[in-house]
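Student: Residue strings, one per chain:
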Amino acid sequence: NAGVTQTPKFQVLKTGQSMTLQCAQDMNHNSMYWYRQDPGMGLRLIYYSASEGTTDKGEVPNGYNVSRLNKREFSLRLESAAPSQTSVYFCASSRNRGIQPQHFGDGTRLSIL
Amino acid sequence: ELKVEQNPLFLSMQEGKNYTIYCNYSTTSDRLYWYRQDPGKSLESLFVLLSNGAVKQEGRLMASLDTKARLSTLHITAAVHDLSATYFCAVDYTGGGADGLTFGKGTHLIIQP
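If you're matching them up, the sequences are chains A and B in order. Heads up, the first sequence is in our numbering, so the first residue is 4 and it goes up one at a time. Heads up, the second sequence is in our numbering, so the first residue is -1 and it goes up one at a time.
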């Protein structure tokens, strides 16, 4: 009963390096989301995918790209990492947009030096 | 722009006491969620409130929603140590083209014996 699985759990990058965070859900959900959480802050939406084949920007999309590879998988890419992107990244999914609660993965703790 | 404000942001209380966390939001919405986060962990869905006047209870926690006042409350009755965590409210706003949830900054709750 995995739910939402994120990989890796921890990562340290140097400024300018690129990296892809992976997310997969096994609940047959249509909608998937990427959030970042910074100390003392709530989660902020980076990108979302309302359904397979669609992606849209959230509140803080700059410096990120996403790919909805199939219904199960939604990846987040940092093309040229910056220290300001040091954060904990959470992937979430829900059956559809709105109404249902989102189910969150365990997070990826990313440090950029 | 949707804003979600929680107060207090930090709360230290003794076991056995009652207290209320408040969540105000700035734009009309009738979908509000409460989540719990333990240190270093993911978010766990607690309540989904979908209409004005909705009240949900689980154990020592009770959540309510007043959409006219744009206010939700999370009431803790006879607090116990196991309820120590950070509690987030989040609002689902689909009126402006953006999807996903807008979170408050969270209430860090410590319950002391």
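Check before you lean on any hint, since a few could be wrong.
Derived list of chain B stretches under chain A, where covered just means 3 residues or more per stretch with a C-beta under 8 Å from a C-beta of chain A [unchecked claim]:
no.: 1; stretch: 34 to 41
no.: 2; stretch: 69 to 80
Each computed DSS-like pair below joins lysine-lysine, with the alpha-carbon atoms no more than 30 Å apart [claimed, not checked]:
no.: 3; chain 1: B; residue 1: 39; chain 2: A; residue 2: 12
no.: 4; chain 1: B; residue 1: 103; chain 2: B; residue 2: 66
no.: 5; chain 1: A; residue 1: 60; chain 2: B; residue 2: 39
For each label pair, taking beta carbons as the anchor points, the in silico distance ranges come out as [unchecked claim]:
no.: 6; chain 1: A; residue 1: 43; chain 2: B; residue 2: 24; range: 18 to 26 Å
no.: 7; chain 1: A; residue 1: 20; chain 2: B; residue 2: 37; range: 22 to 30 Å
no.: 8; chain 1: B; residue 1: 25; chain 2: A; residue 2: 43; range: 17 to 25 Å
no.: 9; chain 1: A; residue 1: 12; chain 2: B; residue 2: 54; range: 30 to 38 Å
no.: 10; chain 1: B; residue 1: 50; chain 2: A; residue 2: 43; range: 27 to 35 Å
no.: 11; chain 1: B; residue 1: 18; chain 2: A; residue 2: 85; range: 24 to 32 Å
These aren't lab readings, by the way, just hints derived from the structure by calculation. Every residue, glycine too, gets a C-beta built ideally from N, C-alpha and C.
Student: Hints first: check each against the structure and report whether it holds.
Tutor: Hint by hint, here is what the structure shows:
1. 34 to 41: holds (count 3)
2. 69 to 80: violated (count 0)
3. B/39 with A/12: Answer holds: residue 39 of chain B to residue 12 of chain A is near 11 Å, not above 30 Å.
4. B/103 with B/66: 22 Å, holds
5. A/60 with B/39: 26 Å, holds
6. A/43 with B/24: 18 to 26 Å: 20 Å, holds
7. A/20 with B/37: 22 to 30 Å: With a Cβ separation near 28 Å, residue 20 of chain A and residue 37 of chain B satisfy 22 to 30 Å, so the hint holds.
8. B/25 with A/43: 17 to 25 Å: The hinted range 17 to 25 Å holds for residue 25 of chain B and residue 43 of chain A, with Cβ atoms some 23 Å apart.
9. A/12 with B/54: 30 to 38 Å: 32 Å, holds
10. B/50 with A/43: 27 to 35 Å: 31 Å Cβ-Cβ, so the 27 to 35 Å window holds.
11. B/18 with A/85: 24 to 32 Å: 40 Å, violated
Consistency with the previously given hints fails for numbers 2 and 11, ordered from lowest to highest.
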